[in-house]
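Starting from the known structure of chain A, fit chain B onto it as the hints suggest.
Sequence order for the protein chains is A and B.
First residue of the first sequence: 40, per this note's numbering; consecutive thereafter.
First residue of the second sequence: 447, per this note's numbering; consecutive thereafter.
Keep in mind the hints are simulated off the structure, nothing from the lab.
Note that the coordinates shown come from a computational prediction; the quantities given were computed from them, not determined experimentally.
Honestly, I wouldn't trust all of these hints.
As the list claims (entries may be wrong) - Under the rule of at most 20 Å between Cα atoms (straight-line distance), these lysine to aspartate or glutamate pairs were calculated in the EDC-like manner:
| no. | chain 1 | residue 1 | chain 2 | residue 2 |
| --- | --- | --- | --- | --- |
| 1 | A | K272 | B | D579 |
| 2 | B | K574 | B | E670 |
| 3 | A | K128 | A | E190 |
| 4 | B | K596 | A | E353 |
| 5 | A | K128 | A | D199 |
| 6 | A | K128 | A | E210 |
Claimed, not checked - Per label pair, the in silico range of CB-to-CB distance:
| no. | chain 1 | residue 1 | chain 2 | residue 2 | range |
| --- | --- | --- | --- | --- | --- |
| 7 | B | Q654 | A | S389 | 47 to 53 Å |
| 8 | A | N212 | B | V524 | 55 to 61 Å |
| 9 | B | P576 | A | L150 | 25 to 31 Å |
| 10 | B | G600 | A | Y351 | 24 to 30 Å |
| 11 | A | G388 | B | G567 | 23 to 29 Å |
| 12 | B | I753 | A | S262 | 48 to 54 Å |
| 13 | B | G567 | A | L150 | 38 to 44 Å |
| 14 | B | D714 | A | I356 | 22 to 28 Å |
| 15 | B | D678 | A | N274 | 28 to 34 Å |
Claimed, not checked - Far from chain B by the CB rule (all over 10 Å, computed), these chain A residues:
| no. | residue |
| --- | --- |
| 16 | Q207 |
| 17 | Y243 |
| 18 | A250 |
| 19 | I359 |
All C-beta atoms, glycine included, are put in the ideal place defined by N, C-alpha and C.
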Amino acid sequence: MLGLTAKDARLYLIVLVMLIFAPFFLNPFPEGSGLAQFNAGYPDMMQRLVIFGLFAVGFNILFGLTGYLSFGHAAFLGAGSYAGVWMFKLLTMNVIPALIVSTIVAGLFSLLIGFISLRRSGIYFSILTLAFAQMCYSLAYSVLTPITGGETGLQLALDDPRVLGVTQTAEGNIPVPHLFGLPMNASTSLDIGAWSFTFSVGYYFAAVVFALAFYFTIRLFRSPFGLVLRAVKSNQGRLSYTGLNARPYTLAAFVISGMFAGLAGGLMVSMDPLAGAERMLWTASGEVVLMTILGGVGTLIGPILGAGAITYLEAIISTINSTVLHRWFDIFPEWLENLLVNIVYPFVGSGWHLTLGLVFMIVVIFLPGGIVEGGRKIYGLFSRKREEPGSMPPNAAAQPGPGE
Amino acid sequence: MESIILQLLNGLDKGSAYALIALGLTLIFGTLGVVNFAHGALFMMGAFIAVTLNMVFGISFEVEDPTRTDFLGNVMMVDTPYVVHWFGEGVGNFLIDWSVPMAVVIAIPIMALIGVVMERGLIRFFYKRPHADQILVTFGLAIVLQEIIKAFYGANPIPTPAPEAFVGSFDVGQLLGFDPFAIMYPYWRLVYFFFAALIIGLVFAFLQFTTFGMVVRAGMADRETVGLLGIDIDRRFVLMFALAAVVAGLAGVMYAPILSPNYHIGMDFLVLSFVVVVVGGMGSLPGAVAAGFLLGILQSFASMSWIIELIPGINQVVIYLVAIVILLTRPRGLMGRKGVMEE
Chain A
40 MLGLTAKDAR LYLIVLVMLI FAPFFLNPFP EGSGLAQFNA GYPDMMQRLV
90 IFGLFAVGFN ILFGLTGYLS FGHAAFLGAG SYAGVWMFKL LTMNVIPALI
140 VSTIVAGLFS LLIGFISLRR SGIYFSILTL AFAQMCYSLA YSVLTPITGG
190 ETGLQLALDD PRVLGVTQTA EGNIPVPHLF GLPMNASTSL DIGAWSFTFS
240 VGYYFAAVVF ALAFYFTIRL FRSPFGLVLR AVKSNQGRLS YTGLNARPYT
290 LAAFVISGMF AGLAGGLMVS MDPLAGAERM LWTASGEVVL MTILGGVGTL
340 IGPILGAGAI TYLEAIISTI NSTVLHRWFD IFPEWLENLL VNIVYPFVGS
390 GWHLTLGLVF MIVVIFLPGG IVEGGRKIYG LFSRKREEPG SMPPNAAAQP
440 GPGE
Chain B
447 MESIILQLLN GLDKGSAYAL IALGLTLIFG TLGVVNFAHG ALFMMGAFIA
497 VTLNMVFGIS FEVEDPTRTD FLGNVMMVDT PYVVHWFGEG VGNFLIDWSV
547 PMAVVIAIPI MALIGVVMER GLIRFFYKRP HADQILVTFG LAIVLQEIIK
597 AFYGANPIPT PAPEAFVGSF DVGQLLGFDP FAIMYPYWRL VYFFFAALII
647 GLVFAFLQFT TFGMVVRAGM ADRETVGLLG IDIDRRFVLM FALAAVVAGL
697 AGVMYAPILS PNYHIGMDFL VLSFVVVVVG GMGSLPGAVA AGFLLGILQS
747 FASMSWIIEL IPGINQVVIY LVAIVILLTR PRGLMGRKGV MEE
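Looking at chain A on its own, in the form it has when it is part of the complex:
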């Protein structure tokens, strides 16, 4: 189907179904119940899931296939966001030109940075990309204030030109981003019993973009080009003995993943037309690395799972406060309740970054292959019992695993 093998087509279909029905199964708890705060089926959250999924999938094209660990990918996301907002300000509030320009700007940007950084590999490469991202951040924060809005960030204003659109709406408001007249923030909800499901234009638009990008990624993974990138990761020296120069390939991978980041940045401002310099900070770059690692480096589905897990946990954990904790541990005697609350409290709410750091360490130490490898191990545990103990399936090494 669509030039995919049966296995890839199955994976792609699963992702498509997940995208289409996300508003349902991300909202498993009825409205108003105590567990309703674990629901993730509201538009803002679902958009974030998809956008960070896109970012992580793009990052994985570079890190997962070639093994080059970039610590500056947030710079491309930031560049894409700024470009998107400028399109809204100057041209039109339609999101299509904004997305195209975001992607192109981030692509040019990554071409420049990649051209220089890829002259070195290993740690040097990581440090160079980190330095570039920090440089972009401090420039966006200070000198480039006319372009980036500095500390306040780049916002839309009532007197923006918007050559092909309207400067103001009839009511004198700033217009909202739209897709040929369909506003991004429009939504419709469906109530079934105690459950309420919201379907928003913004989410489904982002989902369509994601689905297209993911299809591209699968084809890239299975292409001869993807094979060369894998060869770069496993042994660059041998690759060059076969007469292939690795650098154009790695540069192409770098630019493609930079364009993915720019597209994610463009989508981000399509949902909320505001771009700030803090999106370029090294912590933001670290977060996408973590998403990829947590899910499973070099797998197709891994970055999506990782991005989903991190985005969801961040939203849930950072909203928990001591009142919520007290309600949870209500069933215990008071001294135990207070003790439990005091133990858990530093890790929730504003302590989310502490949890993030710990998760980061635990995943790298104990599960370098991420969720996908964890799932595979559990799967292997159950499937091996039926076979001879200790014997591997005959072609296990040759076959790509379920998530690949």
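The following block gives chain B in isolation, referenced to the frame of chain A:
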């Protein structure tokens, strides 16, 4: 001329901090082959040792001061630090005033302990793992350490004063024969520079003139051969990690009066120190020190107002630009050797 000397001096204290952190980073690279993203966190913890000692000496209780009354005629309550109460006026106030230099003494065992715990508890499991894993796990550790400090001390910078004797500025210009007050340089920054020079000198002397240092240098050059000679190189490398942690910690302790420490001070310095290491040449100790001072001074020259007017924003990016130029023209850095951290 005056302004050039002034900028040179201004670059020295920042350059000293870069040099000290980069020295520790290079020691860890060179001996253990580990990329330590948590090194900035060690610098930050050093700074917070100074903050803590200053706070501890400042813990006070209220006593009645019979000589003073408030406007209602009641006896005034005065805050008296416990150290003043216990050791008397003179010694107590001296302790409070000199808390930062004293923190240096305390920081040495604490930082060494932290270094050993870090190496034994975490880093040693990562020697055989790819560099990407080392970067990631130390990056996670840096976040955790930062957040712990933030949970205890809050997010705001905490001012930590230098001793009274070092407040004020030294008239360097007069010493060199310029007009008085032409080149003023704060005493504490001067102290910081000499302190950094002393530490760097000690580390080099230790590596150069002791048998222990000789073995470590041999291990840096060829770990396998040293191991074949029957020397337990790993045990010595643990101590080098502790030494690197102490160097970073001391750099942090002494920097506290210059820049009020907050929880992300370490990361701010770490990114620049990595650039310093790359410019100096990975694995080269003299390179790290030279590049540290060089970049600190360059940064301070780039902050001169007429240069900023000429090229806006140059002060923010000069270090990165230099790094890019160096890596494009001399890929191994200023003093990098062939075969060190090449892949």
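Right, here's what the structure says about each hint:
| no. | hint | verdict |
| --- | --- | --- |
| 1 | A/K272 - B/D579 | holds, 15 Å |
| 2 | B/K574 - B/E670 | holds, 14 Å |
| 3 | A/K128 - A/E190 | holds, 19 Å |
| 4 | B/K596 - A/E353 | holds, 18 Å |
| 5 | A/K128 - A/D199 | holds, 5 Å |
| 6 | A/K128 - A/E210 | holds, 18 Å |
| 7 | B/Q654 - A/S389: 47 to 53 Å | holds, 48 Å |
| 8 | A/N212 - B/V524: 55 to 61 Å | holds, 60 Å |
| 9 | B/P576 - A/L150: 25 to 31 Å | holds, 27 Å |
| 10 | B/G600 - A/Y351: 24 to 30 Å | holds, 29 Å |
| 11 | A/G388 - B/G567: 23 to 29 Å | holds, 28 Å |
| 12 | B/I753 - A/S262: 48 to 54 Å | holds, 49 Å |
| 13 | B/G567 - A/L150: 38 to 44 Å | holds, 42 Å |
| 14 | B/D714 - A/I356: 22 to 28 Å | holds, 26 Å |
| 15 | B/D678 - A/N274: 28 to 34 Å | holds, 33 Å |
| 16 | Q207 | holds, 33 Å |
| 17 | Y243 | holds, 35 Å |
| 18 | A250 | holds, 30 Å |
| 19 | I359 | holds, 16 Å |
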